[in-house]
Amino acid sequence: MSSAIKSALEQLDTKELHEIARLKGISIPKNWAKPLIVELLALNVSTGDIQAIGAKPLKTRVKSGDDSAIIIRDLVKQFEDVTAVDSLNLEIKQGELFSLLGPNGAGKTTTINILSGVLKPTKGTALIAGFDVTKNPEEIKRIIGVCPQEAAVFKFLNARENIELFGNIHAIPKKELEERTDTFLKLLGLAEASKRMTKGYSGGMLRKLNLIMTLISNPKIAFLDEPTVGMDPRARRKTWEFIGSLKEQSKTIILTTHYIEEAEALSDRVGIIDYGKLIELGTPNELMEKYETSNLEQVFLKITGRRILEGI
Amino acid sequence: MELKKLIRQPANLFLNLLFPAILTIAFIFAFTDPELGMSLNSVIPGLIVYAVIFTIMTIAQSFTTERQEGLLKRLNTTPMTAAEFMGSQIITHMLISFLQVIIVFTLAFTLGFKPDSGIQGILLALPITALFSLSSVGLGLITATVSKTPEAATGISFVFILPQMFFGTFVPITSTTQQIAAFIPSYYLLDALTTIFEGNWMNTDIFLDLGVISIVSISVVIIGILLFEKYGNV
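If you read the sequences in order, they're chains R and P.
219 is the number that numbering that gives the first Met the number 0 gives to position 220 of the first sequence; each next residue is one higher, with no gaps.
47 is the number that numbering that gives the first Met the number 0 gives to position 48 of the second sequence; each next residue is one higher, with no gaps.
Bear in mind the hints are in silico, worked out from the structure with no lab data behind them.
Note that the Cβ used here is the ideal one computed from N, Cα and C, for glycine as well.
Do not take every clue at face value.
[As the list claims (entries may be wrong)] Under the rule of at most 20 Å between Cα atoms (straight-line distance), these lysine to aspartate or glutamate pairs were calculated in the EDC-like manner:
1. K147/P with E247/R
2. K3/P with E163/R
3. K194/R with E150/P
4. K72/P with E137/R
5. K229/P with E79/R
6. K301/R with E279/R
7. K198/R with E68/P
8. K72/P with E296/R
9. K3/P with E160/R
10. K173/R with E68/P
11. K194/R with E225/R
12. K198/R with E1/P
13. K134/R with E68/P
14. K72/P with E149/R
15. K219/R with E247/R
16. K154/R with E1/P
17. K198/R with E228/P
18. K119/R with D204/P
19. K4/P with E279/R
20. K154/R with E228/P
21. K33/R with E149/R
22. K72/P with E175/R
23. K276/R with E296/R
[Said to hold, decoys possible] For each label pair, taking beta carbons as the anchor points, the in silico distance ranges come out as:
24. Y230/P with M196/R: 29 to 39 Å
25. L42/R with I214/P: 33 to 43 Å
26. L110/P with M196/R: 55 to 65 Å
27. K119/R with P126/P: 17 to 27 Å
28. D181/R with N202/P: 37 to 47 Å
29. P126/P with N43/R: 38 to 48 Å
30. G117/P with K119/R: 35 to 45 Å
31. R195/R with P126/P: 54 to 64 Å
32. Q177/P with G202/R: 38 to 48 Å
33. Y230/P with K5/R: 53 to 63 Å
34. Y230/P with L186/R: 46 to 56 Å
35. S201/R with M0/P: 47 to 57 Å
36. Q148/R with E150/P: 19 to 29 Å
37. E175/R with I6/P: 23 to 33 Å
[As the list claims (entries may be wrong)] Some chain R residues close to chain P (C-beta under 10 Å, calculated; not the full set):
38. A41
39. K140
40. L156
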């Protein structure tokens, strides 16, 4: 059973559910409660069946097929008189490495905070692997990993203890956790320093640890908020290779970065966001062709610079 | 892991474990002179209460530091529930209070403390003190809720520490201050411990003290958790 279909069905009212059942020729007793109807239909219908009933709000609820890891519809986040996220619509496929680019204060981190269940949206919906961010945050937290912009690590624990703490929260079996910890520490060059308290770590080392703590739970979907800030060029390249290798494991990765070459090297698709609105979307090559430039940085400057000049 | 985090911080180690030890030694030598008319039985309860109320500060500092460093937000993106997080914090800080009491008792016994209640009194004192430590956790959480930084938390925590220190630790209570002390939670722990160590551990007053400590501590910790969850965990 697809959790995306179940979640979409949960958002319909009982009348709409009965309509789908009627179209599919499924008989449902009148006294059945909604959760029971949802369970039955989830086993027997497809996304197309749900769309077929033509319910007006359905277009904003589900548009995609089952391969969407993230579906964002009309998402708005308002902080008093500031609109940090403004009617954002976006769909990210499973296994995709998607970069969200934008100037400072564009709404990237706020979007990640909403998608990871830290903030509640003012309006709109977002589904993560079929789970609604406002209704099912607990389910979402089990399958995601969030690498925050600031390296959030416990200074009076060593690297290994920090990693194990997050592994234990995700209930990873002890042996598996040890093996994964060793592998990650070696891959990112932290093995030797792993038993030192992190308060003595350099900025780059803290960033690497920040990333490992995010990925130790083997999340299906990882949000990496500027993961390479403060790393020297060599460490950054090494981390790029590491992030690139995650694609091979079919993980969905949402990356925000100010290093445009990072996005160009790693991303399947790029979204450019400004003043909370998605203003451009496509593969790096599509965008470079569209704006007739040789690299993504020029695309970014053309788009965001033009908006400044036009006073948008 | 929570305990490791706390113990490894030099300031916390000093405030939570070494400070009560130093105070115990200092107070035993300073205040148990027969000319002052004070006995170890009257000084030790005050020292125990003092050690426990001081944890308000370390709890508030610990929460504000973790919030400032983005750790609470990060934990908020994991499957750890608020109840699990708060539970681990409460257990850790109760354990620290327990360690403090053990340190005070060990030093006091070494320096000649012989409670009239015998070992039963000590065994009764430990759970009552542990129960009271919940109020320190609650007041620490309330302090963390209203404090933006660990530095502010240090200052604000004294709003809760000082009244308890003057009206419910080793500072002698007079007939005038008695009326104020009736509103101070630590006074009831002090009263209970003093009564126990004097050998009156079946005295019905202890049950009154225990009742007040239970109601106040559980209420304060619930208020602290609710306030911190709603306004402090961002």
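Cross-check of the supplied hints:
no., hint, verdict
1, K147/P with E247/R, "violated (43 Å)"
2, K3/P with E163/R, "holds (13 Å)"
3, K194/R with E150/P, "violated (29 Å)"
4, K72/P with E137/R, "holds (15 Å)"
5, K229/P with E79/R, "holds (18 Å)"
6, K301/R with E279/R, "holds (11 Å)"
7, K198/R with E68/P, "holds (12 Å)"
8, K72/P with E296/R, "violated (31 Å)"
9, K3/P with E160/R, "holds (10 Å)"
10, K173/R with E68/P, "violated (28 Å)"
11, K194/R with E225/R, "violated (26 Å)"
12, K198/R with E1/P, "holds (16 Å)"
13, K134/R with E68/P, "violated (28 Å)"
14, K72/P with E149/R, "holds (11 Å)"
15, K219/R with E247/R, "holds (12 Å)"
16, K154/R with E1/P, "holds (12 Å)"
17, K198/R with E228/P, "violated (28 Å)"
18, K119/R with D204/P, "violated (50 Å)"
19, K4/P with E279/R, "violated (45 Å)"
20, K154/R with E228/P, "violated (24 Å)"
21, K33/R with E149/R, "violated (43 Å)"
22, K72/P with E175/R, "violated (26 Å)"
23, K276/R with E296/R, "holds (19 Å)"
24, Y230/P with M196/R: 29 to 39 Å, "holds (32 Å)"
25, L42/R with I214/P: 33 to 43 Å, "violated (52 Å)"
26, L110/P with M196/R: 55 to 65 Å, "violated (35 Å)"
27, K119/R with P126/P: 17 to 27 Å, "violated (41 Å)"
28, D181/R with N202/P: 37 to 47 Å, "violated (59 Å)"
29, P126/P with N43/R: 38 to 48 Å, "violated (58 Å)"
30, G117/P with K119/R: 35 to 45 Å, "violated (57 Å)"
31, R195/R with P126/P: 54 to 64 Å, "violated (39 Å)"
32, Q177/P with G202/R: 38 to 48 Å, "violated (57 Å)"
33, Y230/P with K5/R: 53 to 63 Å, "violated (35 Å)"
34, Y230/P with L186/R: 46 to 56 Å, "violated (41 Å)"
35, S201/R with M0/P: 47 to 57 Å, "violated (24 Å)"
36, Q148/R with E150/P: 19 to 29 Å, "holds (24 Å)"
37, E175/R with I6/P: 23 to 33 Å, "holds (28 Å)"
38, A41, "violated (24 Å)"
39, K140, "holds (5 Å)"
40, L156, "holds (6 Å)"
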